[in-house]
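Chemist: Chain by chain, the residues:
There are 2 protein chains.
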Amino acid sequence: MKRYEELAESIAKSIRDEVFRGGEKLPSVREVSTLKGVSASTVFKAYYLLEARGLITTRARSGYYVNNSIKKLKPLDVTKTEEVGPHQEVDVSELVFEVMEATRSQGCVPLGAAFPSPLLYPFDRLAKMMAHSVQKMDPWCTVEYLGPGDSELRRQIALRYRIDGINIPLDEIVVTNGALEALNLCLSAITRPGDTVLIESPTFYAALQSIEKRGLKAVEVPGHPVTGIDLDLMEQTILKHQPTACWIMTTFQNPLGSSMPDANKKRLVEILKKYQLPLIEDDVYGELYFDEKRPTPTKFYDDEGLILHCSSFSKTLAPGYRVGWVSAGRFAKKVQRLKLSTTHTTSIPVQQTIANYLAKGGYDRHLRQLRHTLSLQQLCYFNSVERHFPEETRISKPHGGYFFWIELPQKVDVLKIHRAALEHGISIAPGPIFSAQRQYKNYIRLNYGHEWDEKVDAAIATLGTLIMNQLTG
Amino acid sequence: MKRYEELAESIAKSIRDEVFRGGEKLPSVREVSTLKGVSASTVFKAYYLLEARGLITTRARSGYYVNNSIKKLKPLDVTKTEEVGPHQEVDVSELVFEVMEATRSQGCVPLGAAFPSPLLYPFDRLAKMMAHSVQKMDPWCTVEYLGPGDSELRRQIALRYRIDGINIPLDEIVVTNGALEALNLCLSAITRPGDTVLIESPTFYAALQSIEKRGLKAVEVPGHPVTGIDLDLMEQTILKHQPTACWIMTTFQNPLGSSMPDANKKRLVEILKKYQLPLIEDDVYGELYFDEKRPTPTKFYDDEGLILHCSSFSKTLAPGYRVGWVSAGRFAKKVQRLKLSTTHTTSIPVQQTIANYLAKGGYDRHLRQLRHTLSLQQLCYFNSVERHFPEETRISKPHGGYFFWIELPQKVDVLKIHRAALEHGISIAPGPIFSAQRQYKNYIRLNYGHEWDEKVDAAIATLGTLIMNQLTG
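Line by line, the protein sequences give chains C and W. All the letters of the first sequence, read from the start, carry residue numbers 728 to 1200 under the numbering used here. All the letters of the second sequence, read from the start, carry residue numbers 728 to 1200 under the numbering used here.
It is worth saying that the hints were derived from the structure and are not from the lab. Fair warning: this is a prediction, and the values are worked out from it, not measured in the lab. Watch out, some of these pointers could steer you wrong.
One copy or two, it doesn't matter: identical chains are merged, so the pair holds either way.
Here are the computed lysine-lysine pairs in the DSS-like style, where the Cα-Cα straight-line distance is at most 30 Å [as the list claims (entries may be wrong)]:
1) 863 <-> 740
2) 1060 <-> 740
3) 863 <-> 1087
4) 1143 <-> 1061
5) 1182 <-> 863
6) 801 <-> 729
7) 801 <-> 863
8) 1168 <-> 1138
9) 729 <-> 1087
10) 1143 <-> 1060
11) 940 <-> 1000
12) 940 <-> 1061
13) 752 <-> 1143
14) 772 <-> 1061
15) 944 <-> 799
16) 863 <-> 1138
17) 863 <-> 752
18) 763 <-> 863
19) 1061 <-> 1168
20) 1138 <-> 1001
21) 729 <-> 863
22) 1138 <-> 1000
23) 801 <-> 1087
24) 940 <-> 1087
25) 799 <-> 1000
26) 1182 <-> 1087
27) 1138 <-> 752
28) 1060 <-> 1168
29) 740 <-> 1143
30) 1060 <-> 1138
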């Protein structure tokens, strides 16, 4: 990242944290230059960048001002779910596929996408690593590595756990084809068809699909937009519905954006231990934090091996390479065997490439850059939504990841908006795909992981118009 | 392949086909040289190679003779299975894992291995292709390719089907993490827990594991060691047990080595159509034929889309890369969606590498070499088994693939042999892992896919001794 980008990012962060408020005048170029010990031209470039992204405005002969949003959107409240229903046979896959297939068409403004822009990842460096790894590959490793995965990759993953203070033995780690396979294998390892799984609401639609495929029932516990799953309600639900497993995204939850505070994570582990309930912890966004440090995985507090901690490199390093893993606690052997009889092993040249990249460094530098970019983009998209969406809109402001969860006025039907938006070449992720009960008819998930530009701003404006039209129509 | 290797291979084939019989004198070096139009030194090298492999012997001042086996083993008969049992809850996974884990230890003579020697594959050329492919990879393809797989790879696969006279539309093909994932996805697509699946006996253990994992029942129909599944019995079984799906390996069946004649494949399709039964056709060995042409997949005769034809590159080109596929007929959309919600997509750089290799040629040349090597090794191993195993032994002589199925005297308990052999650093695949009813207590599967040498010969001799000891003990 260049010096002026860093500076822009730090100013943007101050705007985000409301250190600089809407309408307020920013320090002059000379002041910033002196204060930060950078050249005036660096400050000019930083201000220019922020202006181009719609965050600040120049006023002739006066200076730079933080853009005043036309309106100030309120933060999200806890969703008023209907009383947690009885065990729910899940039947949402068809809708999810319909939405996913529709939004796949190229040239769409991908506000509904599940992935951030692939341009944020070091493909060239990965290509070099891959060329090197595959050239050095010992043919015999293709018959020797079975199930759990390349031992050097597992070592590198264990080393990263150490950074977060978690000691994971190598043989607890199973390398998978992306986190999605890890999650599916875990679900197979700890449930039998007919069982009930406790999930949060709203929830990642792949969890619903996995539950549906395996003939399981789901019981949903509402999540708070800032602090995640409601633990009191969770405990009541355990007593009432006796689930055999939980599946929760504890950090930068998809779609809510919530992160459980450490105290809640600790209490969550106490609950798991009390009822001897295994937890599938989906932690694929944990590395994409905007604050000082990585939010601690709940796995950190687990001293009984009850947590199956799943993650991947698909959102942090190598989209499309399909490398994920699970650290499966006391269920590791079972998951290993399921892996062996499901897809045998994860592609070996790919595993060795990722292992090589992790070993040769550059990963942390790349992650820092990625986090900066995403946090800056969040600001730009947020600003744009504030300008274009109706006043009653409520929006999450997550401290990481690349999704907003947006509540629209009660009357809005987002499935209709979804279809209308597609005709304008815009995708969104409509709320009902995130619920076994197809709730959230007036919610959308919005991806801010793609570069913000005028086309995106126009797309968000179009969405705003479609919403207004529905309200007045 | 060098000229002398080709010559050796052709002589070996004549021995295999009993054109040259045991004890018979071979043509002199001069005769062969004239006949084939090659130099005398080429003939010498070919004879030397055959001698080194234990197929022929030099007698001083007399010439070369085909080795006389000490005994002549009989071909396999149809296994006398007990009356086809009632629907069988399958519970064989634990035993399979035990065997697989035990045989994983390095340095073992891998007679029980599932894969042939990795040295038979063009890893260097693949490495170059991969370096090239990944360098050219468009980052955007990582978010655009979902589910069914890289379109160029699917096109290359469709082109190979054309060689066999089969027209497969691209959107019927789903690229998977090896054939194993394809088989599992197919089983999920066409069954629900509790259903009955018709399989052959003996059967590939992964089929048993998949059936067990999904909570299905299995009904077994005996296979003939030369012509495969018994179609009369199959039809009776359909009427009696009403399976909802079949899973059959029609060519070079694992472990039997049988291949269904074309007439049987045609009749099989008629049966499927009559009962509207879908068939998972596992065809991973079809390219490894020793005769003139590739055995036709049953899919060729299917005009109703009832056959889900699964195969992979793991045994023909790129072990450890984990690329397979299914051409799923009328179930294609369902399989695509299952793929999407199970492992999302197959690793993209790997798919592009294989596509590139197929496009740039060399695949057919490599396959010819591979087939030659395997057929020569079959001969060497066969000869060794004849020399070292008891006279009552019966053995298959498949026209492709790399497995023998061997029937030992009734009294032998191969699970005991398996454990004793491991202590001598030798692995075998014991019969009971190939049966839902744990039959085949006196059968083993033996891999001849690794280079034949004195160490292998000694291992087969040791096995022979262990068997004899058990018989006399």
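Chemist: Hints the structure violates: just list their numbers, smallest first.
Modeler: 1, 2, 6, 7, 13, 14, 15, 16, 17, 18, 20, 22, 23, 24, 25, 26, 27, 29 and 30
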